[in-house]
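Peer 1: Listed below, chain by chain, are the residues.
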Amino acid sequence: MRRDEFILLVDRHGPDLATWPEGARADAESLLGTSDSARRLLAEAQAADRLLRGNDPAGILTDDRTARLVARTIEAAGDRPRQSGIRQAAEAWLLRIVLPIGLSAAAGFAVGLLVPVEPAGSAASVATVLWSLEPAAIPVF
Amino acid sequence: MSPTATDQELLVAAGRGDHRAFRELMTRHVSFAMALALRMTGNLPDAEEIVQEAFLRVWNGAGRWQPERGARFTTWLYRVVLNLCLDRRRRPVMLPVDGIEEPADPSATGFDSHAASESRRLVAEALQSLPDRQRMALSLCYFGGLGYAEAAEIMDVTPSALDSLLVRGRRRLREYLTRRGLEALGDLV
Chain A
4 MRRDEFILLV DRHGPDLATW PEGARADAES LLGTSDSARR LLAEAQAADR
54 LLRGNDPAGI LTDDRTARLV ARTIEAAGDR PRQSGIRQAA EAWLLRIVLP
104 IGLSAAAGFA VGLLVPVEPA GSAASVATVL WSLEPAAIPV F
Chain B
2 MSPTATDQEL LVAAGRGDHR AFRELMTRHV SFAMALALRM TGNLPDAEEI
52 VQEAFLRVWN GAGRWQPERG ARFTTWLYRV VLNLCLDRRR RPVMLPVDGI
102 EEPADPSATG FDSHAASESR RLVAEALQSL PDRQRMALSL CYFGGLGYAE
152 AAEIMDVTPS ALDSLLVRGR RRLREYLTRR GLEALGDLV
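Here the protein sequences line up with chains A and B, keeping their order.
Residue numbering for the first sequence follows this note's numbering, starting at 4 and increasing by one per position.
Residue numbering for the second sequence follows this note's numbering, starting at 2 and increasing by one per position.
Treat the hints with care, as some may be off.
Calculated from the model, a selection of chain A residues having no Cβ within reach of chain B, i.e. all distances over 12 angstroms [claimed, not checked]: (1) M4; (2) A29; (3) E32; (4) V101; (5) G105; (6) F112; (7) V118.
Covered stretches of chain B, going by a simulated chain A footprint (3 or more residues, C-beta under 8 angstroms) [to be verified]: (8) 23-32; (9) 45-55; (10) 171-178.
Label pairs and their calculated CB-CB ranges [to be verified]: (11) R75/A - D157/B: 29 to 35 angstroms; (12) R15/A - R180/B: 18 to 24 angstroms; (13) R53/A - D88/B: 30 to 36 angstroms; (14) L35/A - P46/B: 41 to 47 angstroms; (15) D88/B - A108/A: 30 to 36 angstroms; (16) S33/A - L57/B: 54 to 60 angstroms; (17) G182/B - D19/A: 20 to 26 angstroms; (18) G17/A - E126/B: 20 to 26 angstroms; (19) R75/A - A6/B: 22 to 28 angstroms; (20) S130/B - R15/A: 18 to 24 angstroms; (21) E176/B - G111/A: 53 to 59 angstroms.
Derived by calculation from the structure, the hints in this document are not laboratory data.
What you are looking at is a predicted structure, and each value in this text was computed from that prediction instead of being measured.
Quick reminder that beta carbons are idealized off the backbone N, C-alpha and C, glycines included.
Let the hints inform the model, and build the full structure from the sequences given.
Peer 2: The structure is reproduced here in structure tokens:
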């Protein structure tokens, strides 16, 4: 096992070789028997792991503090005007159906304003005009 | 509402305005949400604000919450918490890690207390030095103990991408802590 492979396994499986896949563990033990730098790296990883697990930032949380947060939030929920189910459904309907249709209509209107109008009597359709434009001249929405 | 009700049942009840169901839902999940926010922000007041806002969104959105196929309530909740944490980090001013209030430990001597405080500060700094997504992955899996599948779903990445974030995150933490004189501190703790 090369040193870079060993480092990758340490960072993937952690510094406890007992949790490593069996084949990798045997190779790692061979490397550790011959390499000072591998032993040093494993010791550093073990120390870092101990420090991290013993000092999870969440370790400062207390039941009292959490209970106060729950109480505050329940109170705030009572104060905050709550939308009715009907209003929520109406909003969802607006967002999913009315808004896309409105945007499409607005886009169509904008295209209508930007595309040159053919003189009366011309046989060219709007589609013909659009396709005849250079790509760079077509507005992007 | 029975304490054995599922999250889904509690959500439906909360959606009808049932405060007790909402309280039960929050009581069930607030600790993990707080831990997650605290690891992400390194700051207790910010973490509390974020978790409060996340649960108020639950309250407001409970009536229209529709689980994706097989999605859990917690997946959505933790995703909201993480997004709020990222929004908070984009603000220009961050309170220092010193602002974290620590519970008094009556058994600790002054020296022990100082060493513990320094260790905690070092770990908080190390976490804050990570890129956001590596810190998220470690907060969920390494500290939070979530499985790869759930954490990957929360972060909206593939399990292999999550694995890569975890490997790189652990490596950066190890290197950071080693560089900061881990061995000397290890003697203290």
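Peer 1: Between the beta carbons of G182/B and D19/A, is the distance compatible with 20 to 26 angstroms?
Peer 2: 23 angstroms, holds
Peer 1: Take a look at whether the Cβ-Cβ distance between S130/B and R15/A falls inside 18 to 24 angstroms.
Peer 2: At roughly 21 angstroms between Cβ atoms, R15/A and S130/B fall inside 18 to 24 angstroms, so the hint holds.
Peer 1: Within 30 to 36 angstroms or not, the Cβ separation of R53/A and D88/B?
Peer 2: 33 angstroms, holds
Peer 1: Mind checking the hinted window 41 to 47 angstroms against the Cβ distance between L35/A and P46/B?
Peer 2: 45 angstroms, holds
Peer 1: Honestly, do D88/B and A108/A meet the 30 to 36 angstroms range at C-beta?
Peer 2: With Cβ atoms ~33 angstroms apart, the hint holds.
Peer 1: Quick one: are R15/A and R180/B within 18 to 24 angstroms, going by C-beta?
Peer 2: Because 21 angstroms falls inside the window, the suggested range holds.
Peer 1: Against chain B, does E32/A hold up as non-interface, every C-beta pair farther apart than 12 angstroms?
Peer 2: 20 angstroms, holds
Peer 1: Just double-check V118/A for me: nearest Cβ-Cβ distance to chain B has to come out over 12 angstroms.
Peer 2: Given that every Cβ of chain B is farther than 12 angstroms from that of V118/A, nearest at about 40 angstroms, it holds.
Peer 1: Confirm or reject the statement that G105/A sits farther than 12 angstroms, beta carbon to beta carbon, from all of chain B.
Peer 2: 21 angstroms, holds
Peer 1: The hint says 29 to 35 angstroms between R75/A and D157/B; measuring C-beta to C-beta, is that right?
Peer 2: 30 angstroms, holds
Peer 1: Hint says 22 to 28 angstroms; check whether the CB-CB distance for R75/A and A6/B agrees.
Peer 2: Given range 22 to 28 angstroms: holds, Cβ gap about 23 angstroms.
Peer 1: Say whether it holds or is violated: V101/A keeps its Cβ farther than 12 angstroms from all Cβ of chain B.
Peer 2: 16 angstroms, holds
Of the numbered hints given earlier, the model fails none.
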